[in-house]
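Listed below, chain by chain, are the residues.
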Amino acid sequence: MAEEPFFVGWSPELAKPTRRFLLTAGAGLAVGVGAVGLGLGAAAPHPGPGLWDQGKKVAVTGTIYPGPYPHLLTEDLGDGLRTVLLVGAGKDRVTVRPALTFTGAAVTGTLIERGEHAMMAVDGVYPDPAPGRVLPGPEKDLGDAVMTGEILDAKCWFGAMRPGHGKTHKACAALCATGGLPLAFCETGRCSDGKAALLLLNERGQAFGREILPLVADPVMVRGRIFEVAGLRQVRMKLSDIVRL
Amino acid sequence: MAAGYSIVGWNGFKRVYDGMLALGLSLFVLAHFGAGLLSAPAGQHPSEIQLLIRATGAAAFSLLTIILCIGPLARLSPRVLPVLYNRRHLGVACFFTALVHAGLVVLWYHGFSEMNAIISLLTSNPRYASFGGFPFESLGVLALLILFVMAATSHDFWNHVLGPRLWKWIHMSVYAAYGLLVAHVMLGAVQGETGLAQAALAGGSALLVTGLHVVAGRLEWARDRTTDLPPEGEDWLDAGPAEAIPNGRAVILVPPAGERIAVFREGAKIYAVANACRHQGGPLGEGRILDGCIVCPWHGFQYRPEDGCSPPPFTEKIPTYRTRVTGGRVFVEPVPQPPGTPMAPSMAGEAG
Ligand code: HEM
Ligand code: FES
Numbered sequence: 008m009a010e011e012p013f014f015v016g017w018s019p020e021l022a023k024p025t026r027r028f029l030l031t032a033g034a035g036l037a038v039g040v041g042a043v044g045l046g047l048g049a050a051a052p053h054p055g056p057g058l059w060d061q062g063k064k065v066a067v068t069g070t071i072y073p074g075p076y077p078h079l080l081t082e083d084l085g086d087g088l089r090t091v092l093l094v095g096a097g098k099d100r101v102t103v104r105p106a107l108t109f110t111g112a113a114v115t116g117t118l119i120e121r122g123e124h125a126m127m128a129v130d131g132v133y134p135d136p137a138p139g140r141v142l143p144g145p146e147k148d149l150g151d152a153v154m155t156g157e158i159l160d161a162k163c164w165f166g167a168m169r170p171g172h173g174k175t176h177k178a179c180a181a182l183c184a185t186g187g188l189p190l191a192f193c194e195t196g197r198c199s200d201g202k203a204a205l206l207l208l209n210e211r212g213q214a215f216g217r218e219i220l221p222l223v224a225d226p227v228m229v230r231g232r233i234f235e236v237a238g239l240r241q242v243r244m245k246l247s248d249i250v251r252l
Numbered sequence: 049m050a051a052g053y054s055i056v057g058w059n060g061f062k063r064v065y066d067g068m069l070a071l072g073l074s075l076f077v078l079a080h081f082g083a084g085l086l087s088a089p090a091g092q093h094p095s096e097i098q099l100l101i102r103a104t105g106a107a108a109f110s111l112l113t114i115i116l117c118i119g120p121l122a123r124l125s126p127r128v129l130p131v132l133y134n135r136r137h138l139g140v141a142c143f144f145t146a147l148v149h150a151g152l153v154v155l156w157y158h159g160f161s162e163m164n165a166i167i168s169l170l171t172s173n174p175r176y177a178s179f180g181g182f183p184f185e186s187l188g189v190l191a192l193l194i195l196f197v198m199a200a201t202s203h204d205f206w207n208h209v210l211g212p213r214l215w216k217w218i219h220m221s222v223y224a225a226y227g228l229l230v231a232h233v234m235l236g237a238v239q240g241e242t243g244l245a246q247a248a249l250a251g252g253s254a255l256l257v258t259g260l261h262v263v264a265g266r267l268e269w270a271r272d273r274t275t276d277l278p279p280e281g282e283d284w285l286d287a288g289p290a291e292a293i294p295n296g297r298a299v300i301l302v303p304p305a306g307e308r309i310a311v312f313r314e315g316a317k318i319y320a321v322a323n324a325c326r327h328q329g330g331p332l333g334e335g336r337i338l339d340g341c342i343v344c345p346w347h348g349f350q351y352r353p354e355d356g357c358s359p360p361p362f363t364e365k366i367p368t369y370r371t372r373v374t375g376g377r378v379f380v381e382p383v384p385q386p387p388g389t390p391m392a393p394s395m396a397g398e399a400g
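Keeping their order, the protein sequence lines are chains A and B. Residue numbers for the first sequence follow our numbering, so the first one is 8 and each next one is one higher. Residue numbers for the second sequence follow our numbering, so the first one is 49 and each next one is one higher.
In case anyone wonders, no lab produced these hints; they're calculated from the structure. One or more of the hints may lead you astray.
Only some residues are given here: those of chain B computed to face chain A with a beta carbon under 8 Å [claimed, not checked]:
hint: 1; residue: H80
hint: 2; residue: L129
hint: 3; residue: F160
hint: 4; residue: S161
hint: 5; residue: N164
hint: 6; residue: S168
hint: 7; residue: G181
hint: 8; residue: E241
hint: 9; residue: R336
hint: 10; residue: G348
Please read these numbers as outputs of a predicted model, since none were measured by experiment. Glycine included, each C-beta is placed from N, C-alpha and C at the ideal position.
Generate coordinates for the entire structure from the input sequences, incorporating the hints supplied.
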C-alpha cells in the first residue's frame with residue numbers, strides 16, 4: 008500500500024495529492040457558495056413600488072390638519088385633492104405649530120411615495136397664504152369589512168424601508184409606532200401593493216395610543232368600517248375587534 | 049506551540065487559505081446582494097442596507113455551517129485535515145461577518161429614533177412568551193456573544209492560559225450558538241413571505257451538520273469497539289501483535305476506564321502515550337512519528353515518544369504509559385504516568 012501523505016500544518020510542504028484534492032474541493036466549494044448566494048439573494052422579497060428619494064427636496068403647498076395624524080391636503084401633486092401624511096426625518100412624528108394649521112402653508116422636505124399614497128419627511132413648515140384653506144370634502148362611508156393582514160407603520164411601508172412589513176420588520180415598526188408615526192393596515196398578500204393602504208384608526212376616527220403596540224406587525228384579523236377622506240382610505244375599529252392570529 | 053506567540057504565524061499555506069476564505073466570502077455576499085438587486089422589477093428592489101443585512105447574515109451562517117462540517121469530514125478523510133488546520137481563521141471571519149450583520153441591523157432597524165438602539169433591540173418585540181412571535185433578534189444576540197468569546201479566545205495563547213479543558217469547553221459552545229442561529233432564522237426570516245429559501249438554508253444546514261456528526265461518531269464508535277479488552281485476570285491491555293502497528297504510526301486503545309491511549313512503533317521500539325493532544329485534544333494516535341517526534345494530525349504539535357514532552361523550546365507535556373512485549377504481542381498498563389514521565393521503550397525483537 009502506498010504511504011498516504013501526512014499533512015503537517017507548519018511545514019511548507021503540501022503533498023501533491025493533498026494539494027490536488029484541496030484545489031478541487033476549493034473550486035467546488037466556490038461554485039457551491041456562489042450558487043447558494045445567488046439562490047438566496049434571488050429569493051429576496053419584492054417590496055413593490057414604494058420609494059423615498061432623499062436627494063430630491065420638494066416644497067408642497069396646501070393646508071395642514073393635525074388629526075388624526077398630521078397631514079397636508081394639497082392640489083399640488085396632480086390627480087386633484089391629495090392627502091400627504093407628514094412625518095419627521097427619523098422614526099418620529101412631526102409637530103406643527105397650531106398657527107400653521109387649518110390655513111394656507113408650504114411644507115418642505117422629501118416625498119415618500121407608494122402608488123397613489125404620499126407622505127413627506129418634513130424639513131420645515133412656512134406660512135403661505137396662496138393655497139388658502141383646502142377642505143377635505145365629504146367623507147365617504149364604504150361599509151363594514153372583515154380582513155386579515157398586518158398593522159404596520161406607514162412610513163416604512165410607503166418606502167422608507169423596503170420591505171417594511173413582516174416579522175423581520177416588527178421591531179422597527181414598533182419603534183415607529185412608539186414614535187407616533189401613522190399606522191396603516193395592509194391585507195395579507197397585498198403588502199407589496201401600491202393601492203392597499205388603509206389608515207388604521209379607532210372607532211372614533213382617532214389614532215390609537217400605546218395600547219396598539221403589542222399587535223403591530225403580527226398577523227391579525229380585524230373587523231372595521233372603511234371610510235374615504237380626501238383620497239385616502241381609512242379603516243376604523245375598536246381595539247377589541249383586532250384579533251391576533 | 050507555547051514558546052512566544054504572534055498573532056498569526058504566517059506561511060505560504062495560510063496565505064493561500066486566507067485568500068480563498070476572503071474570496072469565498074466576498075463571492076457569496078456579492079452573489080447574494082447582486083441577485084437580490086437584479087431579480088426585482090426595475091425600481092422595486094429591496095433597500096440596499098436590507099440586502100446587505102441578509103447577505104451578511106446568510107454568509108456568516110453558511111460559514112459556520114462549513115466550519116462545523118470540517119471536524120467530522122476530517123474524521124472521515126484525512127485529506128480534509130489541512131482545512132481543519134486553520135479553522136480558527138474561519139471562526140474569526142465568521143464572527144466579523146456576523147458583527148457587520150448585527151451592526152447594520154442595529155443601525156437600520158433600531159436607529160433613527162430617540163430610543164436607545166440596544167434597548168429597542170431587546171424590548172421592541174416583547175413577546176418572549178410566544179413561540180411563533182418570539183423576538184428572534186435576541187437569539188442572534190446570544191449567538192453573537194458566544195462567537196465573540198470564541199473568536200477572542202481562539203488564539204493558542206488563550207489555550208495555554210486557560211488550559212485545554214476550559215478552552216475546549218468554551219469552544220464546544222459553538223454548538224449552542226449554532227442551535228440558537230437555526231432558531232434565529234426559523235423564527236425570523238422564515239416567517240416572512242419568502243421564507244422558503246431561508247427554511248431550506250437553515251433546515252438543510254442543520255441536517256447536514258447533524259448527519260455528518262452522526263456518521264463520524266458511528267465510525268469512531270465502531271473503531272473503539274475493536275480494541276481488545278484485557279484477558280481474564282490481567283489488567284494490562286492487549287494492543288495486538290507488534291508488527292500489526294505500522295512503522296512510525298500507532299494503534300489507539302480504549303481502556304475500560306480513563307482516556308484513550310496511543311501505542312506507537314518506531315522500528316523495534318514500542319511507546320505508549322495519551323491519545324489526546326495537549327493543544328485541542330487532537331487524536332495523536334492518528335498522527336505520525338517524524339524526525340523522532342510524534343506529530344499531531346490537527347495542528348502539528350510535537351511530542352517525544354519516550355517522555356511525552358514537546359522538544360525545546362516548547363513546554364507541552366502529555367502522560368506516558370508502561371509497555372511490554374510478550375510473545376510478539378504488545379501490552380500496555382492502562383495507568384497514565386504524570387505528563388512528561390520518561391518511559392523506556394519496550395523492544396519488539398522480531399518486528400522491523
Ligand atoms: C446582535 C445579533 C443579531 C441581530 C440583532 C440579528 C438580527 C437579524 C434580523 C433583524 C434579521 C432579519 C433581516 C431581514 O430580513 O431584513 C436577521 C436575519 C438573519 N440573521 Fe441575524 N442577527 C444577529 C446575529 C446573527 C448571527 C450571529 C448570525 C449568523 C452567524 C445571523 C444570521 C442571520 C441569517 C442567516 C438571517 C437570515 C437572512 C435572510 O433573510 O436570508 N444573525 N438577523
Ligand atoms: S490538537 Fe492542535 S496540534 Fe494537536
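Worksheet entry | Violations among the numbered hints | 5
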